[in-house]
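A.B. asks: Sequence:
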Amino acid sequence: MSEAAKKPALTPLDDALATLLAQIQPLAERETLPTSAARGRVLAADLISPVDVPPADNSAMDGYALRAADAAAALPVTQRIPAGSLPQPLAAGEAARIFTGAQVPAGADTVVMQEHAEFADGRVRLTQPVVPGQHVRLRGEDVRAGAVVLAAGTRLDAIALGLAATAGAAELTVTRRPRVALFSTGDELVMPGEPLPPGAIYNSNRFTLRALVEGLGCEVIDLGIVPDKLDATRAALREAAARADLILTSGGVSVGEEDHLRPAVQTEGRLDLWAIAIKPGKPFAHGRVGAAHFIGLPGNPVSSLVTFLLLVRPVLLKLQGATRLAPRACRIAAGFDWPRPDKRREFLRVRLDEDGGLALFGNQSSGVLTSAFWADGLLDNPAGQAFAKGDAVRFLPFSELLS
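By full-length UniProt numbering, the letter at position 86 of the sequence shown is numbered 86, and the numbering carries on one by one without gaps.
Worth flagging that the hints you see were computed from the coordinates, not collected in a lab. Careful: at least some of the hints might be erroneous.
In silico DSSO-like links for lysine-lysine, alpha-carbon gap of 27 angstroms or less [unchecked claim]:
| no. | residue 1 | residue 2 |
| --- | --- | --- |
| 1 | Lys279 | Lys389 |
| 2 | Lys389 | Lys343 |
| 3 | Lys343 | Lys282 |
| 4 | Lys279 | Lys229 |
| 5 | Lys279 | Lys343 |
What follows is a set of in silico ranges between Cβ atoms, one per label pair, in the way DEER data are often shown [to be verified]:
| no. | residue 1 | residue 2 | range |
| --- | --- | --- | --- |
| 6 | Ala37 | Glu115 | 41 to 51 angstroms |
| 7 | Arg238 | Lys389 | 18 to 28 angstroms |
| 8 | Gly93 | Asp62 | 46 to 56 angstroms |
| 9 | Asp272 | Lys229 | 21 to 31 angstroms |
| 10 | Pro89 | His116 | 38 to 48 angstroms |
| 11 | Ala69 | Ile159 | 54 to 64 angstroms |
| 12 | Lys343 | Asp391 | 16 to 26 angstroms |
| 13 | Ala69 | Asp355 | 47 to 57 angstroms |
For glycine and all other residues, C-beta sits at the position ideal for the given N, C-alpha and C.
Kindly generate the complete structure, drawing on both the sequences and the hints.
C.D. replies: In structure tokens form, the structure reads like this:
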């Protein structure tokens with residue numbers, strides 16, 4: 001058999017992701033949390049508002065409440081309405097001093113900001129034309145009672161939590177955190193802070209992956225560095241499977257490597273190896289160990305990062321029942337030429353430049369983690385597609401991928 005014939009077929013990224021997600025079912029367990037403690041979690045049930053927001057017409061300005069039909073006259077000011085007070089009905093031909101957020105009295109339909117009014121001898125005279133309804137926030141214009149404020153599957157960020165509080169929700173029902181067991185194998189790995197012997201490297205992937213997993217609202221079970229022995233690797237997999245929903249590793253899964261991780265997973269469960277048609281990040285493994293899902297990422301730090309963002313992130317979101325799994329992309333002009341594209345789909349580390357285009361990090365090696373730290377996101381370039389400076393390209397911001 002020729003060397004070319006031995007190479008595994010490359011799986012398109014979109015196909016790999018669809019196959020992977022088809023195997024994932026959202027976790028069934030729910031928990032109720034104080035709204036203040038639910039940041040980053042996924043809502044498990046629709047939040048229905050019991051109230052209108054705002055609950056009554058209110059003023060958007062400090063000024064005077066009145067009928068627009070009375071605007072031409074000098075009007076007596078018959079009451080003062082601070083926020084939080086209950087106003088009296090306003091008669092025709094009257095005005096009320098009103099403050100931002102205060103309830104507009106019955107009988108008034110307009111608020112005039114104080115800068116457009118003159119007050120003297122108990123009367124107010126308007127200095128600018130009036131538009132009926134101006135500066136009045138209408139009851140229920142933000143949220144109607146009985147409306148779905150936040151749908152199940154929403155990831156709760158700061159704005160979502162504020163909206164929930166606006167509707168009076170003191171607690172929220174969310175999906176429990178997925179438990180992710182994380183470990184590394186390889187006798188060459190050394191933890192930061194320890195001496196670095198010849199031939200050894202510091203274990204950066206452990207820190208990157210842990211932070212990524214925690215950033216997605218998951219619980220990390222850190223099993224550390226497992227000795228590079230088959231029995232130890234099998235024991236670590238069994239422990240991980242008993243405690244976690246997903247086992248996540250990096251390194252030792254590329255086709256043709258002699259490594260204990262691959263035979264250990266095959267012995268303890270099921271393993272599928274893929275060669276994904278992307279650069280960086282071709283080697284990728286998934287399977288099951290007991291009831292836990294298993295995902296093995298490539299060992300090079302940028303490859304590990306990119307495959308996590310493209311393939312593991314949506315898995316962890318789906319486990320939590322999130323409805324939006326894909327990051328939002330945008331089209332931005334390239335600030336450089338790319339005349340020699342790869343046959344695989346490329347994810348280039350790029351940064352927004354001063355002209356609103358995308359600048360390229362000079363070294364796109366999968367071992368150069370500096371490129372990702374420097375970048376604002378990834379340029380998603382289709383296989384075999386060249387482009388020139390000024391062409392619109394697809395940009396995936398890290399602000400989307402890392403949240």
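A.B. asks: Take the hints in turn and mark each one as holding or not.
C.D. replies: Hint check results:
1. Lys279 to Lys389: Holds, at roughly 21 angstroms.
2. Lys389 to Lys343: holds, 20 angstroms
3. Lys343 to Lys282: Given that 27 angstroms is the threshold and the Cα spacing comes to 12 angstroms, the pair holds.
4. Lys279 to Lys229: Measuring from Cα to Cα gives roughly 30 angstroms; hence the hint is violated.
5. Lys279 to Lys343: holds, 9 angstroms
6. Ala37 to Glu115: 41 to 51 angstroms: holds, 42 angstroms
7. Arg238 to Lys389: 18 to 28 angstroms: With a Cβ separation near 54 angstroms, Arg238 and Lys389 fall outside 18 to 28 angstroms, so the hint is violated.
8. Gly93 to Asp62: 46 to 56 angstroms: violated, 22 angstroms
9. Asp272 to Lys229: 21 to 31 angstroms: holds, 24 angstroms
10. Pro89 to His116: 38 to 48 angstroms: Since Pro89 and His116 have Cβ atoms about 24 angstroms apart, the given range 38 to 48 angstroms is violated.
11. Ala69 to Ile159: 54 to 64 angstroms: violated, 39 angstroms
12. Lys343 to Asp391: 16 to 26 angstroms: Since Lys343 and Asp391 have Cβ atoms about 20 angstroms apart, the given range 16 to 26 angstroms holds.
13. Ala69 to Asp355: 47 to 57 angstroms: Check passed, 54 angstroms falls within 47 to 57 angstroms.
The structure does not agree with the numbered hints 4, 7, 8, 10 and 11 stated previously, though it agrees with the rest.
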